[in-house]
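K.L.:
Join the two chains, each given in its own frame, into one complex according to the hints.
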Amino acid sequence: MLAEFIQFLFSGITIGSIYALAALGFGIIYNASGVINFAQGEFIMLGGMSAVVLAAAGLPLPLAILLAVAVVAVVGLLLEKLAIEPARNADIVALIIITIGASLVLRGLVQVLFGKNTRALPAFSGDQALQLLGATILPQSLWVLGTTVVIVAALAWFFGRTRFGKGMLATSYNRLAAQLVGINTRLILLGAFGLSAVLGAVGGILITPITYTSYDAGIMLGLKGFVAATVGGLGSGVGAIVGGLLLGITEAMTAGYVSSAYKDAVAFVLILLVLFFMPRGLFGAKVSERV
Amino acid sequence: MSGAQRYYGLAALVLVLAALPLTFPNAYYYDIAIRVLMNAVVAIGLNLLIGYAGQISLGHAGFFGIGAYSSAILTSHFGWRPGLALLAGAAVTALIAFAVARPILRLRGHYLAMATLGFGIIISIVILNEARYTGGPDGMAVPPFELFGWQLVGERLWYWSMAPLLVLVAWGALNLIDAPAGRALQAIHGSEIAARVAGVHTSRLKTRIFVLSATITSVMGSLMAHYLGFITPDVAGFFHSIELVTMVVLGGMASVFGSIVGAAILTLLPQLLATFEGWETVAFGLILVLTMIFMPRGLVPSLRLWLLRA
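First to last, the sequence lines map onto chains A and B. All residue numbers for the first sequence refer to this note's numbering, where the first residue is 1 and numbers rise by one. All residue numbers for the second sequence refer to this note's numbering, where the first residue is 1001 and numbers rise by one.
Derived from the structure by calculation, the hints contain no laboratory data. Please note that the accuracy of each hint is not assured.
[To be verified] Among the chain B residues that face chain A by a calculated CB cut under 10 Å, a handful are:
no., residue
1, G1109
2, I1293
3, P1296
[To be verified] Derived EDC-like pairs (lysine to aspartate or glutamate); straight-line CA-CA distance at most 20 Å:
no., chain 1, residue 1, chain 2, residue 2
4, A, K263, B, E1130
5, A, K263, B, D1234
6, A, K116, A, D216
7, A, K116, B, D1234
8, A, K116, B, E1280
9, A, K116, B, E1277
10, A, K263, A, D216
11, A, K263, A, E4
12, A, K116, B, D1138
13, A, K81, A, D91
[To be verified] Which residues of chain A face chain B? A few of them, derived with a C-beta cut under 7 Å, are:
no., residue
14, I36
15, L109
16, Q111
17, T230
18, A265
19, F268
20, L272
Where a beta carbon is used, it is the ideal one built from N, C-alpha and C, also for glycine.
For reference, chain B alone in the conformation it holds in the complex (with noise of 0.2 Å):
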């Protein structure tokens, strides 16, 4: 995407977040939107990874896991600030993607998706039965967040502050996109040896990529918890990790605005599905399915290749 078009489309993107709220009655519309603008940085960060540097993780809801989990226990069983609980979920990501990176980022293919399901699913098992800190299979509770002595209540107020943080990921990671390291990145999904011979650090990318996506996971992780004031050890589940990979595969591989329309896809479509239990589960497998078949790129770039011949 050349430099113009890209700011056409964050433009569009303030926009629409700016109008949208006008068209809510009430505030049930405000919750399904702070959720989708949640999802999408979650997807634009996953992207980063899987859509830019060509590598898949089937365990980012570990990341979520562990920045949900320590803003609640660090908040509500030692009384920590959120603000600072939540800085402690990312520093703690952050240590573990890097530690774990090396060693997970040198497989490819199956046995990358083999690693990082393992890993994810190994949080989950520690969140489910260390019941003593997480409640376990119940959940727990967590106190609303506040910053400086200001809560963050209300539907409006979380639509509020989640838009524009929505804004300044997708613009940074626009901007990625086209500075060296991003085509570094690039260099490395087309092919990794061909990226070492042109002189390219590929796993010192490859670990960069990895915990910064984790990091916003993490942050994302934290946030959510403290929104919803109640999370359970499903937000760290497999399940979770696939249907973040669906919303970026859906919306298009190593597109930004394609992680956004993707988040919003997946997450209304619990809710147009709600009454019909586990037709939801099959919904989300044709989707899969059928995209990988039809549209191997993805919903936005197959539309903007076909506008293009248009």
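Just chain A, same shape as in the assembly (with noise of 0.2 Å):
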């Protein structure tokens, strides 16, 4: 009863660090411009790929890894460029459609360039199970763990202790304001896709290994990260991270106790109940709108 109730426990956990990842990726995006990425889910996708590609070309995993994330960071800033920065006044049904269409591009590149199969990428060290408690936990598992715990402390440095960091946040709570006093916000927004990039892909690379990847993996990821980010309330860090946890808890409870089939569909009836009963999430700050 136990070691099933933590074996559950800790793919939830696992999964949900995937789903804070994508879902900080999403809160980070949204605060710097206002924009929801729906391409988001393509990074992690685009993440696992590269890495998968570039290791079966023969590069160390290490190095493989790396490349990987450096080629994301690379499509994050080109799609702000090319997408987002010509359509700045454009409204929010526009720009949703913009990144959606821009994660079909994504998706279809890389379907024609690497094919429809599903693709592996070597566990970082070794599949020997560990035993817990009487469940059995994937090195890969404390692989996902600890990064997500090392890029979190990282972004809190990162906004609390830097320049850049602070002028981020500086633009979220009021762009005009943070132009006033001298910061770039062009710049800023750029930074926030690339950023958002870079954490899509380390999610992406991390869960590969676990849960394979393919062309059309970005969907699901990308939907449910949103759905994190939502159930914590878009924008806040600290939402991003319970929102994670939570989804990728319920999910692994509800596959391993009451249906594994119905599994894809516990992040949507969360996010229609989330958004029912409090619209702004658990964490999210209340706005009124002007007329």
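P.N.:
Here it is as structure tokens:
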């Protein structure tokens, strides 16, 4: 009983960490620009896929991983330069459609270049499972958790201690005021896309040894990251992490105790409940519309 | 658009639809034309919601799926008559849409996009998993459509049934815009709070248009299921929702004729690109991005502006 519970809990926390990273990516872009980046899931897929392809081409794993993160970061910057920046004054519906379009382009290109097959990446430190209170835990899960903790700490330092991070926060509170005190908000926006792409790529690379990846893996991962971000409250860092873990654990428990066929529906039932009963999420700011 | 302009447009549509079959060398062309007609009706229905009321839906394929699978399941598993099954599907869709409309349409922007998307995906997951009735990922066969003992088979018959339907729906949509309800909808699109201050019962109106739009989509889902004779859960999938939104956006939000053009382009495109697997997705994506950047109003309204200026 307990062993089973711990097993589910652990797999929930593992996948929840990936959702949390995706949710942080959504939040960072949302804060910098008010845009919800529907291509965030493609960053995750692209990270995993690039690492797979580079490793298959014969690069040592650590190098393949670093290069994959760099590739996705460049894609993120290009997305901002080519698709978001030219449409700066568009309304929300237009921006949603632009990022959906960009995600289709990325997904289609990966399908054309690397095919529709499911691809695997070797685990970072072997497949020898560990035992904990009767539950079996993959070493890759520990990599996921450890890296996520390091990234969250690094982000806290970045937003709390560096000029660029503080500039990002200032921009999210009030773009005009930030511009007036000399913050380059265009650069902030570009940086936000780069940073989100890196977060997505890292998540994608970490999870690929466990779940594998394919050209269309980004859709569900991205949507669930968005659910996590919305559950926690769009734009809230703590909310993104709580939302991600909450979603991951709920999903794993549903798969374990209720029905694995309906595992994927959990996120979307959760999001409808949250939006119906607390539309600002758990940690979201209250805003009122001006007329 | 003024009243006279509207009837010129409708007359042109009737002429084009009547003359088009003269140019069709074989049944394949009829087949494509029928798909365009059906998609155009769905796009007009969705445009009522997106273009007129300003409410995005990323889950309309869910309603399409409810219609398609209601018809498929009721006719093949329970022996219902297709006409009755279509009505039952439409009624179920209307009820579901009515039930979710209030809480969903209270949301705005990204939250609305997320809620409609989540709703659509839940429907497609249910269809995928209830394999006992739906055949799961393999899909299921659907018997031909018949009404009062009269079977609708063959491309010609379908074309001459769907063409008048499109004209009828286009006419209805055009009339709705200039009716008081249509003007109120456009006020909601401009600013919801301002519309409410001016005395528009916004939530009731939004609910009605949502239910109408969902029901049209469901009916077309039923008809498409009968026409194709075979359906898979993809008809209710996220990608289909995106395709429908693309038709509306590319053709032009709040433009009835735009929706027809958008549906035509998006139906023809996969046929032209069928040999380049994967590029189809890239092309869809590029169309979305480029339209939003360079012609945020969409093809038909941009062309009209350009013609007026010239």
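K.L.:
It remains to establish, for every hint, whether it holds in the given structure.
P.N.:
Going through the hints against the structure:
Checking G1109/B against chain A: minimum C-beta separation of about 4 Å stays under 10 Å; hint holds. Taken as an interface hint, I1293/B checks out: its beta carbon lies about 5 Å from the nearest beta carbon of chain A, inside 10 Å. With a least beta-carbon distance of about 5 Å to chain A, the hint placing P1296/B at the interface is held under the 10 Å criterion. Proposed proximity of K263/A and E1130/B is supported: the alpha carbons are some 14 Å apart, at most 20 Å.
Taking the CA atoms of K263/A and D1234/B, the gap is about 19 Å. The hint holds against a cut of 20 Å. Taking the CA atoms of K116/A and D216/A, the gap is near 8 Å; set against the 20 Å cutoff, the hint holds. About 17 Å separates the Cα atoms of K116/A and D1234/B, which keeps this hinted pair within 20 Å; it holds. A hinted pair counts as satisfied when its Cα atoms are at most 20 Å apart, and K116/A with E1280/B qualifies at roughly 14 Å.
Among the hinted pairs, K116/A with E1277/B is consistent with the structure: their alpha-carbon atoms are about 10 Å apart, no more than 20 Å. Between the alpha carbons of K263/A and D216/A the distance comes to roughly 18 Å, so the proposed pair stays at or under 20 Å and holds. For the hint pairing K263/A with E4/A, the CA-to-CA distance comes to about 17 Å; that is within 20 Å, so the pair holds. Distance check on the hinted pair: K116/A and D1138/B sit about 18 Å apart at the alpha-carbon level, within 20 Å; holds.
Among the hinted pairs, K81/A with D91/A is consistent with the structure: their alpha-carbon atoms are about 18 Å apart, no more than 20 Å. The closest approach between the C-beta of I36/A and any C-beta of chain B is roughly 5 Å, which is under the 7 Å cut-off, so the hint is satisfied. Interface hint status for L109/A: upheld, as the beta-carbon distance to the closest one in chain B is roughly 6 Å, under 7 Å. Annotation: Q111/A was flagged as interfacial toward chain B, and the flag holds, the nearest CB pair being 4 Å apart, inside 7 Å.
Annotation: T230/A was flagged as interfacial toward chain B, and the flag holds, the nearest CB pair being 6 Å apart, inside 7 Å. Interface hint status for A265/A: upheld, as the beta-carbon distance to the closest one in chain B is roughly 5 Å, under 7 Å. At its closest, the beta carbon of F268/A sits 4 Å from a beta carbon of chain B; the interface hint therefore holds under the 7 Å criterion. Of the supplied interface hints, the one on L272/A holds, with its beta-carbon coming within about 5 Å of a beta-carbon of chain B, less than 7 Å.
In summary, the structure agrees with every hint in the numbered list given earlier.
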